[in-house]
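From first to last, the protein sequence lines are chains A, B and C. 72 is the number of the first residue of the first sequence in the working numbering; add one for each residue after it. 97 is the number of the first residue of the second sequence in the working numbering; add one for each residue after it. 108 is the number of the first residue of the third sequence in the working numbering; add one for each residue after it.
Treat the hints with care, since some could be wrong.
[To be verified] So the derived list for chain A, only partly shown, Cβ under 8 Å to chain C, looks like this: (1) LEU81; (2) PHE88; (3) PHE92; (4) THR158; (5) THR159; (6) PHE162.
[Said to hold, decoys possible] Straight line, CA to CA, 30 Å or less: simulated DSS-like cross-link-like pairs of lysine-lysine: (7) A:LYS244 - B:LYS142; (8) A:LYS203 - C:LYS154; (9) A:LYS218 - A:LYS203; (10) B:LYS219 - C:LYS154; (11) A:LYS203 - B:LYS142; (12) B:LYS219 - A:LYS244.
[Stated by the list, open to error] Label pairs and their calculated CB-CB ranges: (13) A:GLY168 - B:PRO155: 18 to 26 Å; (14) C:VAL167 - B:SER215: 28 to 36 Å; (15) B:SER207 - A:THR159: 31 to 39 Å; (16) C:ALA205 - A:GLU145: 30 to 38 Å; (17) C:THR136 - B:ASP191: 34 to 42 Å; (18) A:ARG143 - C:ASP204: 36 to 44 Å.
Because the hints were derived from the structure by calculation, they are not lab data. No residue lacks a Cβ here, since even glycine has one placed at the ideal position from N, Cα and C.
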Amino acid sequence: MEDGKLSLDLLMGLSIFLFTFIFVANFLPGVFADVRNEISLANQAYRISALLVEDPGYNSTWFMDINPDNCRGEEYRPGLASYVNDTTTVFNELEIGKIEKLAELLSIPDCRERVKFLLGLNLSEMGGQTFKFNVSLRNLSGELITKDGNVLLNHGDILPNHGDIIYPGQIVKFERIVYLSQMVDNCHIIAERCVAKLEVVVWI
Amino acid sequence: MDLKAQTFTLEGVAASLLILIATYTIFQSTVVMSPSWSEFNNIQLKQLGYDILRVLDNPEGGNSSLRGFIDNLTCSDGRYFAPAEFSSNLSAILDSLHTSGRVELIWVNESRIETAVLSNFSKIPTPNAVRVSRFVVSSNDCLPNAMVVEVRLTLWR
Amino acid sequence: MEMNEKGQMILIFAAAVVVIILSLSYIYTQNIIAGIESSRAMLAFPKEEIRNLCELSVNVNDQILEQVRILCAKNGWVCNYGPAYRVEFKNAEVEYDARDCRR
Numbered sequence: 072m073e074d075g076k077l078s079l080d081l082l083m084g085l086s087i088f089l090f091t092f093i094f095v096a097n098f099l100p101g102v103f104a105d106v107r108n109e110i111s112l113a114n115q116a117y118r119i120s121a122l123l124v125e126d127p128g129y130n131s132t133w134f135m136d137i138n139p140d141n142c143r144g145e146e147y148r149p150g151l152a153s154y155v156n157d158t159t160t161v162f163n164e165l166e167i168g169k170i171e172k173l174a175e176l177l178s179i180p181d182c183r184e185r186v187k188f189l190l191g192l193n194l195s196e197m198g199g200q201t202f203k204f205n206v207s208l209r210n211l212s213g214e215l216i217t218k219d220g221n222v223l224l225n226h227g228d229i230l231p232n233h234g235d236i237i238y239p240g241q242i243v244k245f246e247r248i249v250y251l252s253q254m255v256d257n258c259h260i261i262a263e264r265c266v267a268k269l270e271v272v273v274w275i
Numbered sequence: 097m098d099l100k101a102q103t104f105t106l107e108g109v110a111a112s113l114l115i116l117i118a119t120y121t122i123f124q125s126t127v128v129m130s131p132s133w134s135e136f137n138n139i140q141l142k143q144l145g146y147d148i149l150r151v152l153d154n155p156e157g158g159n160s161s162l163r164g165f166i167d168n169l170t171c172s173d174g175r176y177f178a179p180a181e182f183s184s185n186l187s188a189i190l191d192s193l194h195t196s197g198r199v200e201l202i203w204v205n206e207s208r209i210e211t212a213v214l215s216n217f218s219k220i221p222t223p224n225a226v227r228v229s230r231f232v233v234s235s236n237d238c239l240p241n242a243m244v245v246e247v248r249l250t251l252w253r
Numbered sequence: 108m109e110m111n112e113k114g115q116m117i118l119i120f121a122a123a124v125v126v127i128i129l130s131l132s133y134i135y136t137q138n139i140i141a142g143i144e145s146s147r148a149m150l151a152f153p154k155e156e157i158r159n160l161c162e163l164s165v166n167v168n169d170q171i172l173e174q175v176r177i178l179c180a181k182n183g184w185v186c187n188y189g190p191a192y193r194v195e196f197k198n199a200e201v202e203y204d205a206r207d208c209r210r
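Isolated chain A (complex conformation) (with noise of 0.2 Å):
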């Protein structure tokens, strides 16, 4: 009788390695995943805020065309940037009607989606991701531009509370420096600007 060739230890070992090895095969992608997304977030924390700030919008007048009840079925995209003699977009001046029809958007659900929609933050159905986000004009000193007493923009999805956070990387804010077409409350007049601060945040 020959002695049989795998024995019980090699059984044993062979067994514990392969347990392991498809644990953590099956374990492991999931780090990733949620690496990965810190790339998409920052670009399009970015994206937006170049469209916002840069942008005077599709069509130029959307803010005076657009209210609470087409803002699901007309076609045009927000951009606060202001956009004079009909030629020239000035840049990193936001036009203070165009920010308060964004805040006037994004407070209404339906239209927010539209919004993030048309921002190009809902690609669900491309195969994509959805993003939230929420975007907010303050002064250099943290805090939020108010004309006639009412807070102009901080709007958007809700922010997530701290404890949600596991670490950084799943939300990510960029800031851009601004100035104003109007006089509000409480910015810093800088050269003879209205200067603010645009903060947009984006996460999943």
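With the hints as your guide, set chains B and C onto chain A.
Leaving out everything else, chains B and C in the frame of chain A:
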């Protein structure tokens, strides 16, 4: 007891322990933070720098604007002083953004390119600083033969 | 010749571990490369420099243009602008030539 062939089990155990320890270390360490994180910080600083230069570039801006502070620059012994208003305003902006800055002026003096550093913004930047520039049409006796000046802002955190 | 089958298990396990390490590093590198590629787009395109030239091109003065060219060259760029919003900008990665830089 037959002690032969225990090496197989030991091998299996050792290999699985190795994988477990390696995976655990990867989870716990922050090394797995995507390197694009530091790139992102650079992008944020760079864009802020461009924004600051653009916002300060107001043709009717008085002493705090780029044109205004170059027009009213004073110099002595190779040191260049911007108007107090500009210095305090720029310091206020930089402090609110938690960054430090260095401002240099570069202009063409006939056949040479000359550089001047503003006294109030003359700290040495760290290696990870970003640098942004803007051309401003202005002139000043302190900057001989200059008709356009490159304002270079170096920012770091 | 007699086949020596000793040590086959060690080799199998070593091969499996190597495959694991390779796949981990592949995933990790993709992570890095994706980050670098997407963030380079912002760092590489000189959007602000081109807009600066666009704004300068409103009033063209030969001496100013000459000084701008020299200052650009010091930074490693080739700049030119002409009347009516014509702007040219070249750096190591980008060549930009627009008849109307506002568009």
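Here's how the hints hold up against the structure:
Interface hint status for A:LEU81: upheld, as the beta-carbon distance to the closest one in chain C is roughly 7 Å, under 8 Å. Residue-level restraint check for A:PHE88 holds (minimum Cβ-Cβ distance to chain C is 7 Å; threshold 8 Å). Hint status for A:PHE92 relative to chain C: holds, with the closest Cβ pair at about 7 Å, below 8 Å. With 8 Å as the threshold, the beta carbon of A:THR158 comes within range of chain C, its nearest partner Cβ sitting at about 7 Å, so the hint holds.
Nearest Cβ of chain C to the Cβ of A:THR159: about 6 Å, under the 8 Å cut. The hint holds. Interface restraint check for A:PHE162: the shortest CB-CB distance to chain C comes to about 7 Å, inside 8 Å, so the restraint holds. At roughly 15 Å between alpha-carbon atoms, A:LYS244 and B:LYS142 fall within 30 Å of each other, so this suggested pair holds. The suggested pairing of A:LYS203 with C:LYS154 holds, with an alpha-carbon distance near 27 Å, which does not exceed 30 Å.
Proximity of A:LYS218 to A:LYS203 is assessed by CA-CA distance (about 26 Å); at most 30 Å being required, the pair is judged to hold. Distance hint between B:LYS219 and C:LYS154 is fulfilled; the C-alpha atoms sit about 28 Å from each other, no more than 30 Å. Our distance criterion of 30 Å between C-alpha atoms is met by A:LYS203 and B:LYS142, whose separation comes to about 25 Å. Between B:LYS219 and A:LYS244 the CA atoms are separated by roughly 28 Å; this keeps the pair inside 30 Å, and the hint holds.
Checking the proposed 18 to 26 Å range against A:GLY168 and B:PRO155 shows it holds: the Cβ atoms sit about 24 Å from each other. The beta-carbon spacing between C:VAL167 and B:SER215, approximately 34 Å, falls within the hinted interval of 28 to 36 Å. In this structure the hint that B:SER207 and A:THR159 lie 31 to 39 Å apart at CB holds, the actual value being about 37 Å. At about 31 Å, the CB distance of C:ALA205 to A:GLU145 agrees with the hint of 30 to 38 Å.
Taking the beta carbon of each, C:THR136 and B:ASP191 are about 40 Å apart, inside 34 to 42 Å as hinted. Between A:ARG143 and C:ASP204, the C-beta spacing of about 41 Å keeps the proposed range 36 to 44 Å intact.
Hint violations for this structure: none, all hints satisfied.
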